[in-house]
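Let the sequences and hints guide you as you build the complete structure.
Protein chains in written order, with the numbering used here: chain A, 2 to 389; chain B, 731 to 1122; chain C, 40 to 281.
Hints listed in this document are in silico derivations from the structure and should not be mistaken for laboratory results.
Even glycine gets a Cβ: it sits at the ideal position worked out from N, Cα and C.
Certain hints may be false.
As the list claims (entries may be wrong) - Below are the SDA-like pairs computed for lysine to any residue, each with C-alpha atoms no more than 20 Å apart in a straight line:
hint, chain 1, residue 1, chain 2, residue 2
1, B, K1066, A, A123
2, B, K1066, A, G249
3, A, K378, C, A137
4, A, K299, C, M133
5, B, K845, A, F251
6, C, K78, A, D383
7, B, K902, A, T62
8, A, K16, C, P200
9, A, K16, C, H198
10, B, K902, A, Y71
11, B, K845, A, G249
12, A, K93, B, K902
13, A, K378, C, G140
14, A, K93, B, F1072
15, B, K777, A, A253
16, B, K845, A, A242
17, A, K201, A, Q74
18, B, K845, A, H241
19, B, K793, A, Q166
Said to hold, decoys possible - Looking from chain B toward chain A, a few residues come up when the C-beta cut is under 7 Å (computed):
hint, residue
20, R792
21, K902
22, F972
23, M1069
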Amino acid sequence: MNLASLAARNVLRNKLRTVLTVLGVAVAILAFVLLRTVIWSWTVSAEYAAKDRVATRHKITFISPLPVRYKTQIEQIPGVTHVTWASWFGAKHPTRESDFFQSIAVDPPSFMAVYDEIILPAAQREKWLSNRQGALVGESLAKQFGWKVGDRVTLAGTIYPGDWQFDVDAIYTVKRSSLDKASLMFHWDYLNDSIDARRKDEAGWFISRVKNAGDAANTAKRIDTLFDDQDAQTLSMDEHAMNASFLGMFSAVLTAIDLVSIVILVIMMLILGNTIAMGVRERTNEYGMLRALGFLPKHIASFVLLEAMVVGLCGGGVGLLLAYPVVEQGLGRFLEENMGAMFPYFHVDAPIAGLALVLSVALGLVAAIVPAYQASKLNVVDSLRRVG
Amino acid sequence: MLLMIPLSYNLRSLVARKGTTLASAFGIALVVFVLSSSLMLSGGIKKTMGSSGRSENAIVLRKGADSELSSTFETRLINLILAAPGVKKDETGAPLGGGEAVIVIAVEKAGTPGKIANVQVRGVSDNVLKMRPEVKLIEGRLPQAGTDEVMLGKSVRGRYTGVDLNLSFELKKNRKVQVVGIFDAGGSSFESEIWAGVDTVKSSFGREGLVSSVTVQLESGSKYDAFKATVESDKQLGLQSFRESEYYSKISSGTATFVSAIGIVITVFFSIGAMIGAAITMYAAVAQRRREIGTLQALGFTRRAVLGSMLVESIVLATVGGLVGAVASLFMGFVKISMMNFATWQEVSFSFTPDPAQILISLALGGVMGVLGGFFPALSASRTNPVIAMRA
Amino acid sequence: MTPAGSVAEAAPETQALGSKAVVIEVKGLSKTYFRGKEKLDVLRDLSLTAHEGEFIALMGPSGSGKTTLLNIIAGLDRPSSGSVRVAGADLAGMSDSALAGFRAANVGFIFQTYNLLPVLTARENVELPLLLTSLGSAERRRRAETALKVVGLSERMDHYPRQLSGGQEQRVTIARAIVTDPKLIVADEPTGDLDRDSADEILSLLRKLQTEFKKTIIMVTHDPAAAESAGTVHHLDKGKFK
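Spelled out as structure tokens, the structure:
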């Protein structure tokens, strides 16, 4: 038995109140972890973006395409190892219209060279490369729609109207998080041959791979300079910057969620602080007795602070215990399957869990500072006075 | 006869425990504030998008497109559409309708260099103001037909670098446009758009011969069905039509639902926190007042009266907190936020719109929290044994 | 009844003064409280001497200052004027933390209620004062167990206060008061909350401490039987000995 264990055991005094407080902290931590995971999952694409890739799009509006012939010119730039392009197709599942997913028309050989994080069995790869109507599907997407290799699927085009048929030739996964597992890629030739002359030979955007990640920024500038005097000017950025600017469009929502996650912590501190303050008020006689025995004000303050940290820790622990199943099994499954494009990786990131635990203890400490100080400053004689 | 403990007892007790009363009331105020605000924002989104578009207008898109942005069809179809039954004619006998070309351009946000936003540019036909009477010029003048002059919706000005009255900016390379006017559009999403002549937009972006949509004004809302039937009858044309109001409602529902969902999830968590906080406080209050409660029972007040009294106290606390939260949320009415409408990729300004029903719902939530949080403590109070309580 | 200002020798246990060390020496002690503008003279020019092994009772009506006197002797409060020497230490000039250290080393406390921490067992409560020393946990346990043996509660070592009767709680308190082997035991209404039988048990324990362990005891009480157990009784009224 020592000062610390005494402080810890004090939480057992009023079990109901402690349980309620731990619950309150746990709910706050659960909410905090949930919200931060939403933000993290949303923004993780920017974090994990490949540093050695540069994306090039039309300068003014992403709706306007670029001429496909730009590819050969970009390839000439020193330091660029591979160039590929993609066009947004915007397919919809015929019966599940509200399940948004990314579908793009690509040039398979160069695409695979640039996105080397794609993993798929060699046989499937060969099949897809050779089948003009073939589709390469991410494993989350395949799971979401129940597609298997060999299926023939029909998708509704939005930008390019009509029903489009594809063979699911290959299902991919990724060895790095710089690409999601929820996209569908098919042959650009298939698209290009099927549309009218006016829209032929256009690319939505280009992706170039550079030898050194450090050259990415410069390469981006060089690409834009190359096409500056052309009708279709370009805007190039490394993938990280591109994803970040995309997220910037959601900044209002992200900021709001961020703010709320902080407010939740404040509420948690209020609940905890209130409970600790109540405990201090009730134990005035005891603190007097301890001071009489020779304990110093700093000891009294430590009791209060330690008790708060223990409750905070318990609450944080319970909160995390709840968070894992809710986030991963509950909400996570739902989001990854139904909104996989926006939330490709929805699980509790270890640093977030660690942060939550540290915060529950640290904020417990902060919430208890005032009550601890007041407790330590109590006049010994007054606190020994019999009440009632 | 149920003798009720006078309310003044409860009120005075609340005042006596100022600190904890305030803390609990604050918690409840916060929950009500959050719920009310998110309902207000969701309502604001619906209102902005909803007031965009009238039920006596119809919009025609290419079949399969889910918004104007992904819709393109040939200009030769415009006349076919304008000739459909139900389309209102103006004083010269010309049909009130026209093709529009919609694109989204990237512009730099004012004040944050490097951060870009997507703004919708709508290429409109010359008779657009007749079709959309809710649009009114509030500053400057209307752009002249056939020129590269544009006007800005009032939410656009000041938000983006170089885009303001009497300035010119590049729509695309070597294609400058001059801002000559600012318009008000009754709080609809048009206020977040830049309006240029349809030909300006088409020629700037290589859309000669194509439009995104055709909007017509109908003689009356009831003429819609006939119009729709005609437009969609020929499958070869590949067109679909919506009432303008329906269309805007559709493209905003995703965003509105998203905001409501987040608001509700956050509210649920906050409510649980507030109820726990209230319960802790009420339990402590009951513990502190055991002797009082014992005395009240000795005086003749029944257990039920005690239970009722403590519940009432809890409800009063929650109602006061709820009122504070609801009133505070009304101040959000002065706030406008800009967010991206998911369906159309454009940045739209939304405001927080108060609505009596929402306020009542939020207040009711406050009351419910008071009852739930205070129930068990009240029950505990009613179980006080007066003899033991008064001896302490 | 004793004449003002002198020490009475009523009980047979006390021995010749000269051979015992002086444990308490109070001279010209006054204590004044200020409540706003109001001045309250709680103690007026008191003097008191106690030798090792004396058992002193302080009695008097409410507001007579007896608890204040007790607190000052115990090092819980400081005098407004006068001198207080206890166990060789000059308390009047000591800082708060010095007083705390003094108390930890030299004083054992027994209060009327709220003595024991409910979350600790009897033994752990007795160990409490030892946490302020540098003893290891094994040694602390040993001493606590010894103290509990003295008060006859060895078989209740691992019980929590709620499992003990009022009398047993006070006995644990006494064990705690002696575990650091202090020179002085200070008791404020130790039998106030107890029934007659338990009260008598406590009083005989205190006498045992005095005779067997040579502890000096100073006690505030309303209980005439308690006063009888003490060797010396001082009556206070309005801050002065009667």
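Exercise. Is it true that the CA of K299 of chain A sits at most 20 Å from the CA of M133 of chain C?
Worked result: With Cα atoms ~18 Å apart, K299 of chain A and M133 of chain C stay inside 20 Å; holds.
Exercise. Does the alpha-carbon distance linking K845 of chain B and G249 of chain A stay inside the 20 Å limit?
Worked result: The given pair, whose Cα atoms are some 7 Å apart, holds under the 20 Å limit.
Problem set entry | Satisfaction of hint between H198 of chain C and K16 of chain A, Cα-Cα up to 20 Å | 19 Å, holds
Exercise. If you draw a straight line from the CA of K845 of chain B to the CA of F251 of chain A, is it 20 Å or shorter?
Worked result: OK: K845 of chain B and F251 of chain A at ~12 Å, within 20 Å.
Exercise. Does the nearest C-beta of chain A fall within a distance shorter than 7 Å of the C-beta of F972 of chain B?
Worked result: Violated, about 15 Å.
Exercise. Is the Cα-Cα distance between K902 of chain B and Y71 of chain A 20 Å or less?
Worked result: 19 Å, holds
Exercise. Does K845 of chain B pair with H241 of chain A here, judged by a C-alpha cut-off of 20 Å?
Worked result: 14 Å, holds
Exercise. Should the interface hint for M1069 of chain B be scored as holding, given a Cβ-Cβ cut-off of 7 Å against chain A?
Worked result: 4 Å, holds
Exercise. Can the restraint linking K378 of chain A and G140 of chain C be considered satisfied, given a maximum Cα separation of 20 Å?
Worked result: Measuring from Cα to Cα gives roughly 17 Å; hence the hint holds.
For this session: Take the C-alpha atoms of K93 of chain A and F1072 of chain B, compute the straight-line distance between them, and say whether it is at most 20 Å.
Result: Measuring from Cα to Cα gives roughly 16 Å; hence the hint holds.
Exercise. Has the given pair, K78 of chain C with D383 of chain A, been kept, meaning a C-alpha gap of at most 20 Å?
Worked result: Given pair K78 of chain C, D383 of chain A holds - Cα atoms ~18 Å apart, limit 20 Å.
For this session: With chain A as the partner, please determine if R792 of chain B meets the hint condition of a C-beta pair closer than 7 Å.
Result: 6 Å, holds
The structure fails to meet hints 1, 12, 22 from the earlier list, while all remaining hints are met.
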